[in-house]
Amino acid sequence: MSIPTRHFDALIIGAGGAGLNAALQLAGAETSVAVVSKVFPTRSHTVAAQGGVNAALANVLPDNWHWHMFDTVKGSDYLGDQDAIEFMCREAIPTVYELEHAGVPFSRLDNGKIYQRAFGGQSQDFGGDQAARTCAAADRTGHAILHTLYQQNIRAKTHFFDEYFALDLVRDKEGTICGALVLEIETGEPLLIEAKATLLATGGCGQVFRTTSNAHINTGDGCAMTLRAGIPLMDMEFYQFHPTGIAGKGLLITEGVRGEGGFLVNQDGERFMERYAPRAKDLASRDVVARSIVTEVKEGRGAGEHADYVLLKLDHLGADVIDKRLPGIRESSRIFAGADPVREPIPVFPTAHYQMGGIPTDRFGRVVMPARYGSEEVIAGLYAAGECACASVHGANRLGGNSLLDILVFGRLAGKDIIDYVRANPHRRETDPASLEQAMARLTRWEYTGDGVPAHQLKAEFRKCMEDHAGVFRTEEVMAEGYGKLCELRERFKDARLADQSKVFNTARIEALELENLIDVGLAIAVSALNRKESRGAHSRPDYPLRDDVNWMKHSLYYRDGDRMDYKPVRTKPLTVESFPPKERVY
Amino acid sequence: MIDPTLIPDPDGVTDEEIRRLRWQCRRGMLELDHLLLPFLDRSEGYRALDPARRAEFVALLGEQDQDLSNWFMSRRVPEDPRFHHLIQHILAVVAADRS
Numbered sequence: 000m001s002i003p004t005r006h007f008d009a010l011i012i013g014a015g016g017a018g019l020n021a022a023l024q025l026a027g028a029e030t031s032v033a034v035v036s037k038v039f040p041t042r043s044h045t046v047a048a049q050g051g052v053n054a055a056l057a058n059v060l061p062d063n064w065h066w067h068m069f070d071t072v073k074g075s076d077y078l079g080d081q082d083a084i085e086f087m088c089r090e091a092i093p094t095v096y097e098l099e100h101a102g103v104p105f106s107r108l109d110n111g112k113i114y115q116r117a118f119g120g121q122s123q124d125f126g127g128d129q130a131a132r133t134c135a136a137a138d139r140t141g142h143a144i145l146h147t148l149y150q151q152n153i154r155a156k157t158h159f160f161d162e163y164f165a166l167d168l169v170r171d172k173e174g175t176i177c178g179a180l181v182l183e184i185e186t187g188e189p190l191l192i193e194a195k196a197t198l199l200a201t202g203g204c205g206q207v208f209r210t211t212s213n214a215h216i217n218t219g220d221g222c223a224m225t226l227r228a229g230i231p232l233m234d235m236e237f238y239q240f241h242p243t244g245i246a247g248k249g250l251l252i253t254e255g256v257r258g259e260g261g262f263l264v265n266q267d268g269e270r271f272m273e274r275y276a277p278r279a280k281d282l283a284s285r286d287v288v289a290r291s292i293v294t295e296v297k298e299g300r301g302a303g304e305h306a307d308y309v310l311l312k313l314d315h316l317g318a319d320v321i322d323k324r325l326p327g328i329r330e331s332s333r334i335f336a337g338a339d340p341v342r343e344p345i346p347v348f349p350t351a352h353y354q355m356g357g358i359p360t361d362r363f364g365r366v367v368m369p370a371r372y373g374s375e376e377v378i379a380g381l382y383a384a385g386e387c388a389c390a391s392v393h394g395a396n397r398l399g400g401n402s403l404l405d406i407l408v409f410g411r412l413a414g415k416d417i418i419d420y421v422r423a424n425p426h427r428r429e430t431d432p433a434s435l436e437q438a439m440a441r442l443t444r445w446e447y448t449g450d451g452v453p454a455h456q457l458k459a460e461f462r463k464c465m466e467d468h469a470g471v472f473r474t475e476e477v478m479a480e481g482y483g484k485l486c487e488l489r490e491r492f493k494d495a496r497l498a499d500q501s502k503v504f505n506t507a508r509i510e511a512l513e514l515e516n517l518i519d520v521g522l523a524i525a526v527s528a529l530n531r532k533e534s535r536g537a538h539s540r541p542d543y544p545l546r547d548d549v550n551w552m553k554h555s556l557y558y559r560d561g562d563r564m565d566y567k568p569v570r571t572k573p574l575t576v577e578s579f580p581p582k583e584r585v586y
Numbered sequence: 000m001i002d003p004t005l006i007p008d009p010d011g012v013t014d015e016e017i018r019r020l021r022w023q024c025r026r027g028m029l030e031l032d033h034l035l036l037p038f039l040d041r042s043e044g045y046r047a048l049d050p051a052r053r054a055e056f057v058a059l060l061g062e063q064d065q066d067l068s069n070w071f072m073s074r075r076v077p078e079d080p081r082f083h084h085l086i087q088h089i090l091a092v093v094a095a096d097r098s
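In order, the protein sequences belong to chains H and C. The opening position of the first sequence corresponds to residue 0 in numbering that gives the first Met the number 0, with each subsequent residue numbered one higher. The opening position of the second sequence corresponds to residue 0 in numbering that gives the first Met the number 0, with each subsequent residue numbered one higher.
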């Protein structure tokens, strides 16, 4: 098999905040680095992050990294690894300053220091008064960070492979990962990129669910490649849903709408939250509101032609309040739901937002898995950072402002670790032809014609099944039924065919390859969720409503081979400070 | 950042042109996916534009996601009046499809 081959010290797959921050460290150290991105880098999903980056700079209110660490451990519902969390909260401070020096235009205070805003879940003095910890560049933080990092990478001569789709990791004869087979989307031709170290930074997988706030590009590509390489994914059952996305579209409608007095009604106009949460009503916690909405729909009280959403009413607030206190809501609703909330309610349904689990790594971004001598053996030359990775700093739930922080800190540290790794392992590794052939098979299978179900037809069915059976409503019965359906879909996908056999910009083929990734990652979520018999953080089970620290304070590991589950302990010992023991979470 | 291979064919819209543009309509923000891709697919969308306006659409795709989002969501008005008209046209086509 003759496939054009390129060689680099480091290969980075994904050009969002994590990938670009890693690339910048490497390029600055004169390490040859290739970044592969399926879309133009500044169209990565980091651009959509508007919130900001947490760092205990104490510019507005007293703060320190140890308080930030406490909040993050508590927010994780004690499933986060406390060594990684301590590390992230300490590193947050130099990471933000490094970005400032690189040119990110953070909003300022009058005294010239970086402005910091308060977000939910932030406290002073270990659970005391509200803290102000989030650094932002107005309402375009993700955009500002992505553009700054991209421009710095161009200056540092990082080699970009724009609009190349990564097919699979490849190994040498000894089994060491030595790069990836990628596909040039424009020509439809494969390219082998060999590298001494490979970093997966491919972002989240929100597209596994029918309703998601994630862009179409978020198809879990790196996670699926990891699974196919025989490496498990960790804590995939922990997926953050936002209770109010625009029905059928997924775009977030801020919780501020309910905070300002908006409320949810079913098809009969009933304020149903009064039944599920008589005291907090529409301001109950996210998982309670999300599950209540799904229950209304499941029991036939949904609104609309298909009774598949509920309504968020805010017309009683008046145009002035809506325009002044909820900017953008009117426009979003008018454009995407065809409803002006001044007069009509907004159709809403829970929307999949953020993946807490992912590729298991240590705090240096090195991928780890159970092997002969322990549950966390480093896989030589393979790294992961960002939403696709699980360090694990978010545990069972993520705090606002910690996602941009995660991608930046661990992207940066992975880059630094790769520099050392490449220096210590300077020799080129050659791809084993058998490994290359296996990766190529992922591509060539789409050349088969003849009978078979069109690939795109399975996509909607799969995403709906994930939403119905592995979304916010998670009982044994619902999930076990869903697992059966998902297995059946996985089988049917083996006979999927493509009508379009063209090569140039064959987007149907890319979408089929993405669907294969979605199926692999979706099964990881569904099986991990079915097996965890407790409620913790974002994983909420009505049939096991309590957190069970005796049996379940452990990380899940899902293997694709046989849908097998394994578990490993949570790292409860921080690096330099005392552990935070598990407590009931009260906010 | 206009890709010369994306300049529309004056003789009519080709399948390859649509396929190339489809990938350019994949963006970092979901709201842009929900506006640009349907506009490309609808018969009264991209295919109904004359070559000059198709070239404007290609130029629009070369703009940054954050700017496109601001323009579509009426947070800002593009300086280029051609873009302003095109943005309004895309919104109208996508809204008509929904109704």
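None of these hints come from the bench; they were simulated from the model. Because the structure is a prediction, the values reported are computed rather than measured. Do not take every clue at face value.
List time: in silico SDA-like cross-link candidates among lysine to any residue, alpha-carbon distance up to 20 Å [claimed, not checked]:
hint: 1; chain 1: H; residue 1: Lys502; chain 2: C; residue 2: Met72
hint: 2; chain 1: H; residue 1: Lys502; chain 2: C; residue 2: Thr13
hint: 3; chain 1: H; residue 1: Lys323; chain 2: C; residue 2: Ser73
hint: 4; chain 1: H; residue 1: Lys572; chain 2: H; residue 2: Tyr543
hint: 5; chain 1: H; residue 1: Lys502; chain 2: C; residue 2: Ser73
hint: 6; chain 1: H; residue 1: Lys415; chain 2: H; residue 2: Asp361
hint: 7; chain 1: H; residue 1: Lys323; chain 2: C; residue 2: Arg46
hint: 8; chain 1: H; residue 1: Lys502; chain 2: C; residue 2: Val12
hint: 9; chain 1: H; residue 1: Lys502; chain 2: C; residue 2: Trp22
hint: 10; chain 1: H; residue 1: Lys502; chain 2: C; residue 2: Arg74
hint: 11; chain 1: H; residue 1: Lys323; chain 2: C; residue 2: Ala58
Sample of chain H residues facing chain C (criterion: CB under 10 Å; computed from the structure) [claimed, not checked]:
hint: 12; residue: Leu145
hint: 13; residue: His146
hint: 14; residue: Glu162
hint: 15; residue: Ile216
hint: 16; residue: Gly229
hint: 17; residue: Pro541
Just so it is clear, CB atoms sit at the ideal spot from N, CA and C, and this is done for glycine as well.
Going through the hints against the structure:
Distance hint between Lys502/H and Met72/C is unfulfilled; the C-alpha atoms sit about 36 Å from each other, more than 20 Å. Note on Lys502/H and Thr13/C: the hinted pairing holds, with a Cα-Cα distance of about 15 Å set against a maximum of 20 Å. Of the pairs offered as hints, the one joining Lys323/H and Ser73/C holds, with about 15 Å between alpha carbons and a cut-off of 20 Å not exceeded. For the given pair, Lys572/H sits about 28 Å from Tyr543/H by alpha-carbon distance, which is inconsistent with the 20 Å threshold.
The straight-line distance between the Cα atoms of Lys502/H and Ser73/C is roughly 38 Å, outside the 20 Å bound, and the hint therefore fails. Straight-line distance between C-alpha atoms of Lys415/H and Asp361/H comes to about 14 Å, which keeps the hinted pair within the 20 Å bound. This hinted pair does not check out: Lys323/H and Arg46/C have alpha carbons roughly 39 Å apart, beyond 20 Å. At roughly 18 Å between alpha-carbon atoms, Lys502/H and Val12/C fall within 20 Å of each other, so this suggested pair holds.
Taken as a hint, the Lys502/H and Trp22/C pair is honoured in the structure, with Cα atoms around 14 Å apart against an allowance of 20 Å. Distance hint between Lys502/H and Arg74/C is unfulfilled; the C-alpha atoms sit about 40 Å from each other, more than 20 Å. The suggested pairing of Lys323/H with Ala58/C is violated, with an alpha-carbon distance near 34 Å, which exceeds 20 Å. Contact between Leu145/H and chain C, as hinted, is supported at the beta carbon level, the nearest pair being about 8 Å apart and thus within 10 Å.
At about 8 Å, the closest approach between the beta carbon of His146/H and any beta carbon in chain C falls short of 10 Å, and the interface hint on this residue holds. Against a cut-off of 10 Å between C-beta atoms, the interface hint on Glu162/H holds, since the closest Cβ of chain C lies about 7 Å away. The interface hint given for Ile216/H holds, since its Cβ lies 6 Å from the closest Cβ of chain C, which is under the 10 Å cut-off. Annotation: interface hint on Gly229/H violated; nearest CB of chain C at approximately 30 Å, more than 10 Å.
A least Cβ separation of about 30 Å between Pro541/H and chain C goes past the 10 Å threshold, and the interface hint is therefore violated.
Violated hints for the displayed structure, listed by number in ascending order: 1, 4, 5, 7, 10, 11, 16, 17.
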